[in-house]
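Read off the chains here:
There are 2 protein chains.
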Amino acid sequence: MPKVTFLPANVTVEIPEDETIIRAAMKAGLHINASCGGAGVCGKCRVFVEGGEVEGEPLPEGGYKACTLYPRSDVIVRIPVESEVDRRALLRPAKKVASAWLEARKAAQVSLDPAIKKLYLELEPPSLENNMPDLARLETALLQKLGENKLEVNWRVLHDLPYKLREKDFAVTSVVLEEKPPKLLGIEAGNTKKRHFALAVDVGTTTICAQLIDLTNGEVLGETSDYNPQISYGEDVISRIEFARKKDGLKILHEKVIECLAKLAKELCEKHKVELEEISHYSIAGNTVMSHFLLFLEPRFLRESPYVPVASRFPFIPAKELGLPGGKHTLLSLAPCVASYVGGDITAGVVATGMAKEAPLTLFIDIGTNGEIVVGNQDFLACAACSAGPAFEGGGIKYGMRATTGAIEAVHIDPVTLEPMILTIGNKKPKGICGSGIISLLANLFIEGIIDQSGKFRRDLESPRIRQGREGWEYVLVWKEESAIGEDIVFTEADIDNLIRAKGAMFSGYQTLLESVGLDITMVERVILAGNFGSFLDLEQAIIIGLLPDLPRENFYFVGNSSLIGARMAALSKEALKEMERVAQMMTHFELSAHPGYMDYYVSALFLPHTNLDLFPTVKELLQK
Amino acid sequence: MPKVTFLPANVTVEIPEDETIIRAAMKAGLHINASCGGAGVCGKCRVFVEGGEVEGEPLPEGGYKACTLYPRSDVIVRIPVESEVDRRALLRPAKKVASAWLEARKAAQVSLDPAIKKLYLELEPPSLENNMPDLARLETALLQKLGENKLEVNWRVLHDLPYKLREKDFAVTSVVLEEKPPKLLGIEAGNTKKRHFALAVDVGTTTICAQLIDLTNGEVLGETSDYNPQISYGEDVISRIEFARKKDGLKILHEKVIECLAKLAKELCEKHKVELEEISHYSIAGNTVMSHFLLFLEPRFLRESPYVPVASRFPFIPAKELGLPGGKHTLLSLAPCVASYVGGDITAGVVATGMAKEAPLTLFIDIGTNGEIVVGNQDFLACAACSAGPAFEGGGIKYGMRATTGAIEAVHIDPVTLEPMILTIGNKKPKGICGSGIISLLANLFIEGIIDQSGKFRRDLESPRIRQGREGWEYVLVWKEESAIGEDIVFTEADIDNLIRAKGAMFSGYQTLLESVGLDITMVERVILAGNFGSFLDLEQAIIIGLLPDLPRENFYFVGNSSLIGARMAALSKEALKEMERVAQMMTHFELSAHPGYMDYYVSALFLPHTNLDLFPTVKELLQK
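Chains A and B are the protein sequences, given in the same order. So for the first sequence, our numbering puts the first residue at 724; every next one is plus one. So for the second sequence, our numbering puts the first residue at 724; every next one is plus one.
No lab work stands behind these hints, which were simulated from the structure alone. Watch out, some of these pointers could steer you wrong.
Chain copies aren't distinguished; within one or between two, either way the pair holds.
Think about it this way: if two alpha-carbon atoms lie no more than 20 Å apart in a straight line, the pair counts; the simulated EDC-like pairs of lysine to aspartate or glutamate are [claimed, not checked]:
1) K1297 to E1185
2) K1051 to E1021
3) K1121 to E1216
4) K840 to E942
5) K1121 to E1205
6) K906 to D883
7) K903 to D971
8) K970 to D883
9) K1152 to E990
10) K767 to E902
11) K903 to E871
12) K974 to D883
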């Protein structure tokens, strides 16, 4: 990767050849005015190339637009003074992200020992001396191979059994679920052991991600994802539970998620030349509400006190009975849930991290519409759901949006001019702000003293970007001329309030849960961040706003879509399936609102970063500077 | 019941008030000329009433037609000399039938302990302190009640679980299959223990019989039956297997039997005010071919050497998956088969007799299209299928027919005039001859010396009833003027040949099977006759023609539809289900045609009663008279 050295700051970063110089600057922690998100239209981001090869269109007045400039070798770039107004910009710490958990642990290794196996047998063909029934012939040989004395049989196997046996002269591959007793799921003519696949799926409230897994070697052949089509019927789980109460509501939600799963399965199979009948296992993890919709289970009592799921552990279910494509033998498994708002995605996530098998006290955080937290180690696991709300996913934020093209994903504010530097996903004209942009923006506004600890704008700053709008004070992030939506993109005090409540809910959640098990935050040895957030999150910024606890940065890890990883492990390993059961059993769920101290913790957390600054020593130090 | 005394023979029999005097005469072993089958048209059966009350129309020339005369008190009836030509008619032994097996054993008692049970539980309703999932709440209580630690769950139970639990404040009845591990099949609100039913069904090649069973007390609430609608596609199993090879043939045969089962279930439920959802169990027994059709299994290899069934033991199958009416929880079980032509009807039958639990060496005989025989006791069981063909059900007999209205069911031939006395089912003009009529006729022709031991007509008898027809020598049983079909009903030498071959196949079957296990016929301590035949069969006649072995008459029993009885026992008792498995395992199947001595035995049996008369000592004695 080319190295880019910025002058006059003399900071060097490495970036891939397909990233722009403005992104390199953002990465280096340097400010360049940029208000079009990298779309190349505002022209404010002029830089001069002082050495090395670049690709980009020179400006007539000299220099290049940093947002359309690519390095083609190591380069030296000067940021002109009109942009880099003040050395204070350099005070901003370079973006620090959590280490990749799986890489730190050399990946989530599981021994390849799937619960659903293919067994190849060459049977003795029948004769007048030995004319036992087809099934008995197969059963006898299978039981011998398995070292078992009882076999359950999926009766639908019987329909083509005689033909499958005779097709290759009684050489046959059985698909068997290794349980007690083992279950014969299906039968294939000849030796088909080399063709055996599974789909691992994370069914999220917003996104459904699927991986096609080769069960013969554990490889991930491909991955795909799509929005959960239930979104049309409600953005969050609560509104979908409401929709489910309407006539056919539940049926629609059920069918939508099944259709989407079917679509993803077909897409992956087609791309990787796998027959749908070669899929033996849909290994799925999802939150409790998604699990209910998937199985067509009444979700109503999940949201009515005392918040009771229909079930939290689920049997293997024939995929056909759910209308999913596959063979007659194909089974679906769902990661076990813990409570109404701590679901199988969390169980799978905890299994993916391995934290329940190790000694260090670990805090597992999944920041999503509903923040879930787990704390524990090999000896205990405690979990809770925080009603954080969707603010960190852009929900309830005036110009908040999901992380799609045109979303502002990174922001820096010049501390002197208060001009922003913004980057959008896809380098398009900005449409709104997504989660990581929101955190950047909030942290910048706070750390530059534009808003105070309670999230209110300083009324004495003279900048056209800070103004009283119709809904109170606000910061203009993008003028309408430069936005893709024909209006100013602003960030309001009401938005900030929402964010403070959301981060307050998370932080007081950590505190309450830890206190419930007799511990406190300083005892946490590792923090693992799950969800899409983890890899993009600027740790410093997240700590500055009090969303994450102020712990040594090297103890933070991101694990990515741990729900999907857990689902994959469950497809690959009987042991992981069992571990999922064990973890679900082991997890003690705490209802935060039932804790007597929770409300106090919550109220104390409604400050940036917190009422008690001693909880955030590095932020305290920074503020004192 | 009124007593009827016949003069001049001075023989008294009891008959119900709705039976005619001519039937009383047949029962008493007395001959009255009668050629219209009891339809009241030939007018040959004149009798005189000498005492007691009768109902019937007097003939103008005096006396009454015996076939339309009913006793209204004890009566004395004189048979005029022109009918009772010769005292030799009295030589005919009075009809002797086998004792009813179940009555002899005080019924097939099983302890009432069905495999599918209803369990009533009052659960603690959920609260914030105890908000475990609905399923876990139920599961915990159920496992405690069952004394088990693992429960399998029919996932479809989950769909209405929350409502069923809440309908009666968490008082709920579970339907559970008691296996290892137990399986939760269904759930009902409140206490429904008192409403629990099963259907026991014998799926025969010709007839399907069903009983509605109250599982709370073991009572048979009702019984019904219908022709197996597959008959339209082939009278016997072989022709149906052929039909199954046509496009959609198997599907049609499968659907027809399912439709018929559904119809019988609905009919019984309607009549006895039982909801179809209250049926927990279809307990079915049928021969191997019927079992294959019922489950939509390929029957083709049953009839191709080496005669391999797809399966002989069948798992419990959800009734809904077969398209049968019932609840989501309703299961179907099928009695295990032994071989391609010894099916679950025989296994069920053996269980019904209890012969596999007792010491006496027992010969179990089911004479149907395919004769099946089982010999054994508590220590061993051996079985075989005899390809006897359908002659004893009227198949392959020129005027043979099934036992329906108009079928000649009893015959007596006057030894002097050779005039017949016939009775038809329903007292209608005769259409043909059914099984019991065929045996009567054959035995009469033989014992009166009208045919010889090889089944050929004596050529020297002067009677218009014995003649050379287009197909050789024949006996005219009904002249066309008196038949319902407008033609003479005759019994030909070809018919007799078929019958001799059929009874020869049965008898050589007994011999071969017994020899296969180192025994011979004289060692048999009991003979149990299964099927419809048993109760109507005239033992003496069946022995005279060599269909049954010549053993002491008191050792013969008929058990009726033992397949149905076995199916009922399997519904009522877990133990009987297990016994069925044990019996099927225990039964050693012998392929008769593979036995080196079989052909010799068969050829020797192609005589009336047998080439070796010493095997039939009482017949030998009778013939010497």
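ask   = Can you tell me if K1152 and E990 fall within 20 Å by alpha carbon in one copy, between copies, both or neither?
value = neither (31 Å within a copy, 72 Å between copies)
query = How would you label the pair K767, E902 (within, between, both, or neither) given a Cα cut-off of 20 Å?
reply = Answer is neither; intra-copy 65 Å and inter-copy 76 Å both fail.
task = If the cutoff is 20 Å on CA atoms, where do K1051 and E1021 land: within, between, both or neither? Let me know, please.
result = between (26 Å within a copy, 17 Å between copies)
ask   = Under a CA distance limit of 20 Å, which applies to K970 and D883: within one copy, between copies, both, or neither?
value = between (40 Å within a copy, 16 Å between copies)
key: Identical-chain pair category, K840 with E942, by Cα at 20 Å   = within (16 Å within a copy, 46 Å between copies)
key: Copy assignment of K1121 with E1205, given that the CA separation must stay at most 20 Å   = Cα proximity of K1121 and E1205: one copy only (18 Å, versus 100 Å across).
request  = With 20 Å as the alpha-carbon cut-off, assign the pair K903 and E871 to within, between, both or neither.
outcome  = both (9 Å within a copy, 15 Å between copies)
task = Since the copies are identical, ignore which copy is meant and state whether K974 and D883 lie within 20 Å (CA to CA) inside a copy, between copies, both or neither.
result = between (32 Å within a copy, 14 Å between copies)
task = Give the relationship of K1121 and E1216 under a CA distance limit of 20 Å: within one copy only, between copies only, both, or neither.
result = within (10 Å within a copy, 102 Å between copies)
task = With 20 Å as the alpha-carbon cut-off, assign the pair K903 and D971 to within, between, both or neither.
result = neither (38 Å within a copy, 38 Å between copies)
query = Are the CA atoms of K1297 and E1185 at most 20 Å apart within a copy, between copies, both, or neither?
reply = The answer is neither: 64 Å in one copy and 88 Å across copies each exceed 20 Å.
Within, between, both or neither: K906, D883 at alpha-carbon 20 Å = within (17 Å within a copy, 27 Å between copies)
The structure shown violates the earlier hints numbered 1, 7, 9, 10.
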